[in-house]
Structure formats: C-alpha cells, structure tokens
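Chemist: Residues per chain are reported as follows:
Protein chains: 2
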Amino acid sequence: MTPVTTGSEKSLRELFVEAATEAIEDAGVDKLDSMYVGNMMSGYLQQQEHLGALMATAIGRESIPSYKVEDACASGGVVTNAGVKAVLSGMEEVVLVGAVEKLSGYTTPEVTSGLMMAEDRNKVATTGISFVGLNALIARRYMHQYKVTSEDLAEFPVLCHENALVNPRVQFHKKITVDDVLRSPLVADPLRLLDCSAIGDGSAALILAPSDIAKKFADSPVEIEASAVATDRLSLYQRPDVTVFEASRKAAAQAYSAASVKPDDIDVLELHDAFSALGIMALEDLGFERKGSRARLVKEGVCSREGRLPTNTFGGLKAGGHPVGASGVYQIAELALQLSSRADKCQVPDAEIGLAQSIGGIGTTVAVHVLRRGN
Amino acid sequence: MTPVTTGSEKSLRELFVEAATEAIEDAGVDKLDSMYVGNMMSGYLQQQEHLGALMATAIGRESIPSYKVEDACASGGVVTNAGVKAVLSGMEEVVLVGAVEKLSGYTTPEVTSGLMMAEDRNKVATTGISFVGLNALIARRYMHQYKVTSEDLAEFPVLCHENALVNPRVQFHKKITVDDVLRSPLVADPLRLLDCSAIGDGSAALILAPSDIAKKFADSPVEIEASAVATDRLSLYQRPDVTVFEASRKAAAQAYSAASVKPDDIDVLELHDAFSALGIMALEDLGFERKGSRARLVKEGVCSREGRLPTNTFGGLKAGGHPVGASGVYQIAELALQLSSRADKCQVPDAEIGLAQSIGGIGTTVAVHVLRRGN
Numbered sequence: 001m002t003p004v005t006t007g008s009e010k011s012l013r014e015l016f017v018e019a020a021t022e023a024i025e026d027a028g029v030d031k032l033d034s035m036y037v038g039n040m041m042s043g044y045l046q047q048q049e050h051l052g053a054l055m056a057t058a059i060g061r062e063s064i065p066s067y068k069v070e071d072a073c074a075s076g077g078v079v080t081n082a083g084v085k086a087v088l089s090g091m092e093e094v095v096l097v098g099a100v101e102k103l104s105g106y107t108t109p110e111v112t113s114g115l116m117m118a119e120d121r122n123k124v125a126t127t128g129i130s131f132v133g134l135n136a137l138i139a140r141r142y143m144h145q146y147k148v149t150s151e152d153l154a155e156f157p158v159l160c161h162e163n164a165l166v167n168p169r170v171q172f173h174k175k176i177t178v179d180d181v182l183r184s185p186l187v188a189d190p191l192r193l194l195d196c197s198a199i200g201d202g203s204a205a206l207i208l209a210p211s212d213i214a215k216k217f218a219d220s221p222v223e224i225e226a227s228a229v230a231t232d233r234l235s236l237y238q239r240p241d242v243t244v245f246e247a248s249r250k251a252a253a254q255a256y257s258a259a260s261v262k263p264d265d266i267d268v269l270e271l272h273d274a275f276s277a278l279g280i281m282a283l284e285d286l287g288f289e290r291k292g293s294r295a296r297l298v299k300e301g302v303c304s305r306e307g308r309l310p311t312n313t314f315g316g317l318k319a320g321g322h323p324v325g326a327s328g329v330y331q332i333a334e335l336a337l338q339l340s341s342r343a344d345k346c347q348v349p350d351a352e353i354g355l356a357q358s359i360g361g362i363g364t365t366v367a368v369h370v371l372r373r374g375n
Numbered sequence: 001m002t003p004v005t006t007g008s009e010k011s012l013r014e015l016f017v018e019a020a021t022e023a024i025e026d027a028g029v030d031k032l033d034s035m036y037v038g039n040m041m042s043g044y045l046q047q048q049e050h051l052g053a054l055m056a057t058a059i060g061r062e063s064i065p066s067y068k069v070e071d072a073c074a075s076g077g078v079v080t081n082a083g084v085k086a087v088l089s090g091m092e093e094v095v096l097v098g099a100v101e102k103l104s105g106y107t108t109p110e111v112t113s114g115l116m117m118a119e120d121r122n123k124v125a126t127t128g129i130s131f132v133g134l135n136a137l138i139a140r141r142y143m144h145q146y147k148v149t150s151e152d153l154a155e156f157p158v159l160c161h162e163n164a165l166v167n168p169r170v171q172f173h174k175k176i177t178v179d180d181v182l183r184s185p186l187v188a189d190p191l192r193l194l195d196c197s198a199i200g201d202g203s204a205a206l207i208l209a210p211s212d213i214a215k216k217f218a219d220s221p222v223e224i225e226a227s228a229v230a231t232d233r234l235s236l237y238q239r240p241d242v243t244v245f246e247a248s249r250k251a252a253a254q255a256y257s258a259a260s261v262k263p264d265d266i267d268v269l270e271l272h273d274a275f276s277a278l279g280i281m282a283l284e285d286l287g288f289e290r291k292g293s294r295a296r297l298v299k300e301g302v303c304s305r306e307g308r309l310p311t312n313t314f315g316g317l318k319a320g321g322h323p324v325g326a327s328g329v330y331q332i333a334e335l336a337l338q339l340s341s342r343a344d345k346c347q348v349p350d351a352e353i354g355l356a357q358s359i360g361g362i363g364t365t366v367a368v369h370v371l372r373r374g375n
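Line by line, the protein sequences give chains A and B. Mind the numbering: the first sequence is residues 1 to 375 in the numbering used here, read in order. Mind the numbering: the second sequence is residues 1 to 375 in the numbering used here, read in order.
FYI, nobody ran anything at the bench for these hints, they're computed from the structure. Warning: the hint list may mix true and false statements.
Copies of the same chain look alike in the list, so a pair counts if it fits in one copy or across any two.
Stated by the list, open to error - Simulated crosslink set (DSS-like; lysine-lysine; CA at most 30 Å straight-line): (1) 262 with 31; (2) 215 with 10; (3) 10 with 291; (4) 175 with 262; (5) 10 with 175; (6) 262 with 215; (7) 31 with 175; (8) 345 with 10; (9) 174 with 31; (10) 174 with 215.
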C-alpha cells in the first residue's frame, strides 16, 4: 500500500508501480501469470484507458494478460473478485491484483462531477444533486426512520481517526472528538466535513495464488474464504427503502455461506465508511447489530482496536483515506497484514477471520471478502 | 448483435439492453448468475462509469454481480475472457457477457482524442500524433520492410465490403474495389479513407455456461475451446519491430495449444481489421501465412466466403463496423452463429472451428478465442 495522500506528486502510473512492486517483493514471487487493475476515474480525469497494458508495461511485465476492472468506488473490491475468479478458473496461478486512483490535481467541480459517474448521470446528475448530496439524503432518512442522531453518526469518524493515529500510511493523523465532528462545516445536511472521507491518491496491490502455490512463498499465507459481489438498482429513486443496502445484505449472506461463518465469527472488520452514516449502517446490514442500534457497538468500544470486533483498523476511508477505486484493495491488504500478524502498531491480537466490505455508488454494488489466517 | 450504425439515436444503455435482451431470449435462459460489461469510452465520452450496475438495472437484473471490463479496443475480447474465467471458476454458471460502445454524437476531435487513451497519452499524445497516425506508421514500416504495396493492403477492405453485402447488421452495404480504396482521400499516409474502419455505435452479447448447463438450453451449444490474452509494451516507440504484433503471436500460440488445434484446422476467422494493414498482418501473426506474403490468401480467394478460410464473414471492422469496445464480442457472436449454422446469408458451409482475434491499442493487447461447433 502506498501512503494515501492529498496531492501526491506521483502520477497514476507511479503510484501503481510503487504498490505493485512492493507486493511482488513482499510475496517473493518472480513470475506473474496475469494482472488485474482496479480503477474508476482514469478515463474521465487522466484521460487514459488501457490501464491493463499500461501498468503491465510500467512494471516490466509487458506480455502477460492484464486488464482493467471498473466498478465505481467498489473497483478495488471487485478487481479482487476478478483475481479470485482467475485463480479459481485454473487458467492462471500467480495473479497480481492492483488498484489505483488519483483524484488530486483536479478542480473540485471536476472531481465532484466525476464522482457522479457512480450514479446515473443522465437521469440524476441533471437534477443538480452531487454524490455527497445523495449520501446526505440517505443519512437524513436513516436518522429520521431510526431516531439516529448526528452524535451517533459522529462516533464512526472518531473511531477511524483514533485508529489512524498509529498507522504511517494514512491520510490524516489527527485525533478528533464527537464535538469536532458536530462543529465542522456543513457539506450537505446532515453530513459535515468530518462525516466525509476526503479526496485522496493511492494504490494498493495483492498477490493471489492457489493455496498450494502460495505455500511455496509464505509459511502460512492468508486464505480468501469468500469473495462475493451483489448489486442493487443503480439509483436511489428506484429503491423502496434507502436505509437498507440490499447489496450489502446479499453479498454478506453469500460470503458468510461460502466461508461457513457467521457475523459472530468475524474478528477484524473493514467497512466502507465513505460517509459516517455508511459505517454505522454497514454494521447493521452485515448482521453485526440490529437496524437502528445507533452505533452501539462503536460507543461500547466493541469496534475499538482493543474491543471484540476491531473495525477499520487501518483508519477507514475517513482517516485512512479513500482513493476511490483503490480503497477496496487497501481494506483487503490491511486484513491480510492483520491475519498474518504483520500490521505493526495497527495489529489486533488473535484475529483469525476478517471481513471487508467495499461499496460502489450509493450502496449500489457491494463486494464482501472473508479472509482467514493461514495454518 | 444490434446493427452497427453511424449516429444511432439509441443511448449507450439502450444499445446494451437491445443486445442483452436478444441474447437472453435467444439462449432461452431465465436466471443469470452474473454479467460482465465490456466498454472503453464511457468515462470519457458519456461521463458515466459503474456500467455494471447501470446495465444490470437496465435489463432488470439488479442484484447479480455485474462489473465493467475495459481494455481499449480489445474490451470485447477481454470481457469474454473474464466471462470464461467466471464460468471456469465454478462461482457462476449462466453468465452474460455484453459489450457496448457509442462514439457518435461527439466531435471528431473528441473521439480522436479519446482513441488515444488506447496508447500512452502522457508520453505519446503530446507529440500530436493520433491513433490513426500511429497505425499509419506501422503500415508504412510494414510496407517498406516486406515490399507490400497499397494495392496489397486494399485487398482486405475489398474482401470485408464484399462479405458485408449480405449481412443486415453491418454499417456499410457498399461494394468497393481496390481502385476505390486507392482513390479514396488520404487520412494518414499511407492509410486512406477506405483503409480505415469508421466510427460506429453498437452492442453485442453472449450467454456463457458450462457445457452441461448449456446443453439444457441448446441441443449443441458452441464450445469455447480457448480464451487467451497477451500484452505487449504499451507504446510503439518501446518495441524493437513494429511489423510484428508479439501479443498476437503469444495469444495465438496459447490458444492453439489450449484448443489443441493448429492454423490449418481453422475453418472460419474473424480478424481485427481496424485498418487494412492490421488484417493482412494478422493473417501472418496468427500463422496462416508467412510474413510478407502480400495478402496472398485474400488475393487467391482463400479468405472469401467460398474459400478454404472464410475471413471476416460478418464484414469485419471495416464494413461490419467497429464500435470499439464492443467489436470483440461481435466477432465471437458471429463465430457462434457460423458454428451453429445460424448465420443466414453470411453462412459458410461445414465450419467446425473458428478463431477470433481482438486487438487493443496498436497491437498492444490481443485476445484470441477458439470456438468449436457443438456435438
């Protein structure tokens, strides 16, 4: 994982090379059979496509199969799913999954406009609403329907900023309080500045392989037990209840089933908290607590690094950073470090099973991965 | 396959829905396990990403895994490769592979600029050269090195226009001669207007499934015997010899090996003739004749519909049409029709084995598929 930064001087290509090179060296693999590149914005912002061959060339692997997978903010989760399928297909063994996004260096209108590519630009962007605005609508309805307060939502960014303090790769090293969140400027009512993840640049990469091959490179490689993707209707206006992300529920149900685990078995958790309400809602949609629990698990310390269900140990999208199409790979890389006891100061004790949730659009596409400590 | 048109009144979404719906109805499947959307330009031209969920919603399948695969002009070939891996992974059985591109409705500078996203915009587009210009450099060097003439190159578009005459889905119904090609306006020396495929809109879709599942829906479903992807250095200036597409050779070698066939076994062929020289070069790079054969197979009628190796029976990218990210799926759909004796007036007799070659960038990424008549 490259550090997530605001205004990286590195190009999209340089960021990817840094992460991919680190992953290849860390895994100790020499030959790659293929690679998959996760990214959302390159066509719109960098006006560059064909990232598959571009990145393969950039890392000196200019002959292997390589292509781009795009799925808005879930591109990182979904490119991992593509890598898993490649390995399971038997067509490829040692596979690089890398994702990258560079959002800085562009104007706020450019990036704001680009983020609306995750929703329906033809039918929805024309109303003038922004991507933050859509998430604000969800948060407002959720607060109304379940009597959730702004204080409740603020618990999630406070947790993430606390976790990020000890992580050298995060975007923000800054302890914040619930009061700080409530006093921060309003972005889109009810979401305030500290409810929202920021624009970030970064790249993360993984090496995937069948278990028997992976064991040649690591004593106890982390196992991917489940990789599930589900979708919902693209647009908010098409859904009967915007306070539930059906795609989260479906992807989670499939992942729990494939991994033969239940929410109680999860020891470490990475949630897609692009906005504070999404983190709280995810705890519910993924089955960790009842709908409308008002951030109880966070308030009671269950989600803290020392708690029973350490959550967003990397710092989450809020404090760790949200390089949009790459965030899903950051989450899985963080779980891999946790489950192999290599997370340094972020390390939680005795984690056996981890879960990562990556969201594309406004809860539209959700990728859920379950990972298990190697044995 | 939707008809390929210049200036379709249908949107990107409507084109995809038309092709996907036709594929689903034609195959007679009700339940889809997942879908994959091939496309190159939507972020740049339509300023729309998240096509996975967008298209799943548009065809009323808004819960299944669905994501976009991008690989420049090879997006169609490569999204098929993604679909094949999904089926082979065992995670999904009935899979929709659809690809779509809409290039009309934009200015020539916009589309010309967009096509350079297939090469390296940072380092190459800044020289002022266009995508056609890069292909002209290749053609010029190829002509010089192998004593190939403009007359030789012109044989390929003449063949494609001849084939297209009986196909209702093509962009151009117009018989042309070698003289017509040579007298058409110069676009980028040595390429003339009739050496070049045109800007087109279209969408094509396939239904993939394991053989045993497919047999529930069709008496003798066409088999995909090989799906291979290879890459080369992204940019022309990085290659030792621009007259050979190493990615074509590698992908073809892998595909021949996986399918246990050799060039002589191929009965029907779809080549990526975005420019006339590419069609001629492909016959060589894929092993059908020696380098520098000056279009011998075309001149001798071997590649004609009545010949031993009917080539571009759909009409090719030149006359059939080149909706960039979709063309690779058109090729495979055409082979599927040929190999199931459903190609109507385009039908060639007794074809058992077909091969499709899809190119991304300037020979940078190549996907080769080998299909076999079901039994």
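Chemist: Each hint: holds or not?
Modeler: Okay, the hints, checked on the actual structure:
no., hint, verdict
1, 262 with 31, "between (36 Å within a copy, 27 Å between copies)"
2, 215 with 10, "neither (34 Å within a copy, 52 Å between copies)"
3, 10 with 291, "neither (42 Å within a copy, 42 Å between copies)"
4, 175 with 262, "neither (33 Å within a copy, 65 Å between copies)"
5, 10 with 175, "within (27 Å within a copy, 52 Å between copies)"
6, 262 with 215, "within (27 Å within a copy, 37 Å between copies)"
7, 31 with 175, "neither (43 Å within a copy, 50 Å between copies)"
8, 345 with 10, "within (27 Å within a copy, 55 Å between copies)"
9, 174 with 31, "neither (41 Å within a copy, 49 Å between copies)"
10, 174 with 215, "neither (39 Å within a copy, 60 Å between copies)"
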